[in-house]
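Novice: Once you have looked at the hints, place chain B on chain A.
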Amino acid sequence: MSFPWAEHYTPKHPLTQWIDEKLPLPRLVYNAVGAGYPVPRNLNYFWNFGVLAGLALMIQIVTGVIMAMHYGANTLVAFSSIEQTMRDVNSGWLMRYAHANGASFFFIVVYLHIFRGLFYGSYKAPREMVWLLGLVIFLLMMATAFMGYVLPWGQMSYWGAKVITGLFGAIPVVGEPIQTWLLGGFAPGNASLNRFFSLHFLLPFVIAGVIILHIWALHIPGSSNPTGVEVKGPQDTVPFHPYYTAKDGFGAGVFLILFSILLFFAPNYLGHADNYIEANPLSTPAHIVPEWYFWPFYAILRAFTVDFFFIPAKLLGVLAMFASILLLFFLPWLDTSPVRSGNYRPTFKKFWWILIADVVVLGYCGGAPAEEPYVMISQIASAYYFAHFLIILPLISRFEKPLPLPGSITESVLNRHNIKGEQDALPGMGADPQPSNAG
Amino acid sequence: MASVEHTDSQGLAGEDGVRRRDFINIAAVSFAGVGAVAVVIPLVDQMNPSADVLALASTEVDLTAIQPGQAIKTTFRAQPLFVRHLTEKEIAEADKVDAGGLRDPQTLAERTVDGKKQWLVTMGVCTHLGCVPLGAGEGENKGEFGGYFCPCHGSHYDTAARIRKGPAPKNLEVPKFAFTSDTAILVG
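Protein chains in written order, with full-length UniProt numbering: chain A, 1 to 439; chain B, 1 to 188.
Check before you lean on any hint, since a few could be wrong.
[Stated by the list, open to error] Below are the SDA-like pairs computed for lysine to any residue, each with C-alpha atoms no more than 25 Å apart in a straight line: (1) B:K96 x B:Q106; (2) B:K73 x A:W292; (3) B:K165 x A:W295; (4) B:K170 x A:Q379; (5) A:K349 x A:K401; (6) B:K165 x A:G363; (7) B:K165 x A:K247; (8) B:K73 x A:G184; (9) B:K165 x A:E176; (10) B:K176 x A:K401; (11) B:K170 x A:F308; (12) B:K73 x A:V306; (13) B:K165 x A:A286; (14) B:K165 x A:V306; (15) B:K73 x A:H287; (16) A:K349 x A:L319; (17) B:K170 x A:L319; (18) B:K165 x A:S337; (19) B:K176 x A:P172; (20) B:K170 x A:A286; (21) B:K165 x A:F322; (22) B:K73 x A:K22; (23) A:K232 x A:S337; (24) B:K176 x A:G34; (25) A:K401 x A:H388; (26) B:K170 x A:F389; (27) A:K22 x A:G34; (28) B:K165 x A:H388; (29) A:K247 x A:S260; (30) B:K176 x A:F322; (31) B:K73 x A:N190.
[As the list claims (entries may be wrong)] Selected chain A positions facing chain B (in silico; Cβ < 10 Å): (32) R87; (33) S91; (34) G92; (35) V163; (36) G189; (37) A191; (38) L282; (39) F304; (40) L315.
These are computed hints drawn from the structure, not numbers from a lab.
Where is the CB? At the ideal position from N, CA and C, for every residue including glycine.
Looking at chain A on its own, in the form it has when it is part of the complex (with noise of 0.2 Å):
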């Protein structure tokens, strides 16, 4: 599970001895994130976003445990409780205000995560699987914070609710009965929000529980790195601690400045003034727009206006906003260059680049109102996003010819900074396409 010559746990004192000897717990946390982690030595700030989900996952579960001793789940009290903890119970403002940005900084680094991962090729084999559950991971969270959001039960909740579930209600034959079930009624009503509430409580722990496994399967193989080289030495690699805890650290002191930016200066920049009307089930708001981190999907969702092949509009967006989801779990075997870190693939580069700006013009269009010329943007943004990872992917990975891979992470750090003459920084023998699985 780890390299040779990784460091070895010897606790000294009798009392971390007799506890290591019962329940060997400080040794599995020590080889997991201690001394006893050998990581990449040439690890950039984009390997900070791994850790910093994990605290925005701990802000959102402290503050969220807190706003459940002060939530009433019954759509009589659950608008006028919000409110109350925002103005009468001590610090609730705070409470609530760092439990709904803190979801959109969980987003943002989560998505940065995964930008990361597209980029680097850390998709690849052998980490597939560290992949296929940080995609679990995505599904929950986004699960969850649909549901957090309809617990305020303002306008923007009730309508979010009927939507969200009303997506179900355009699979044939099955989807209305399934609406009715997820709901426990016609409508968003006490029922749906009760069960909303149990489940958004629950999931949280269930992220956390696959969280330790998306870990335990990125320890099998250890974590890759910006080269794409696997690991081929000790002196590829320091330990994780005090090497990336530091830098971690670091990287979690910029993330709180920048979270407490918001919190304190524009805690209601990203949510909708219409959420603090409360639910009114026979007015539907002007613009329904769901938070932004769901815009890219929403955008996907609204692309269909017309039906194809005698499938309704209706329920080909729903298909499409699934499978630009379901689509990433294939993407291990899409894309089949040998080569892992965009740096050498110089085509794959500025393809990933245009993903991005296509991603980001989803999201825009899907926070835009249903009419021209957004719609057309987002009809030719999708199928963008489908053609990259079905065509263009696959074509790229056949008929790229890469740059030059380093001989290993050593040398890449020493030519970076021109350091010569130490036993592993051999210019020219570096062509090594096909990086062996040293872990």
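Specialist: What follows is chain B alone, placed relative to chain A:
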């Protein structure tokens, strides 16, 4: 260990090679499986609408105050209901359209009660994803076809509340209703 082998030899069946132990094993696990499925049924079913939600309330609507060109919003089964008094012009516009060419082909006559074509009663639930379309209230956007417009994803309905443009697959649903007098209806 000897006793296990002893039991094994006891379990040996005759010519077909099937041991009694295999039978007991499969039977026991299958029965446990049936039990597990039986337990799942109430766990899933509890999420369906409860009896109080299902208790159908019928809604009575008084039509006297609704002038031609006006519409009201009320509720039926906790969802919005539109009752619209069509003008002559709106009826003519709806009849002018060739119903066969529509996404969900229906004529205005099929969507209203005989002899009372001016009373259009529909659910106020967009058939796309369930928003409440605009157009029932005074001054609201009625869309390109003068009926209803759903702001969520841009579905346009005509004066017979039929889908004409946008992602919705069906016309606005016409619930079961009957006239109890010339100026009142009972929905449900």
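Novice: Checking against the hints above, which ones are violated?
Specialist: Of the numbered hints given earlier, those the structure breaks are 2, 7, 10, 12, 16, 18, 22, 24, 26, 28, 30, 32, 33 and 34, listed in rising order.
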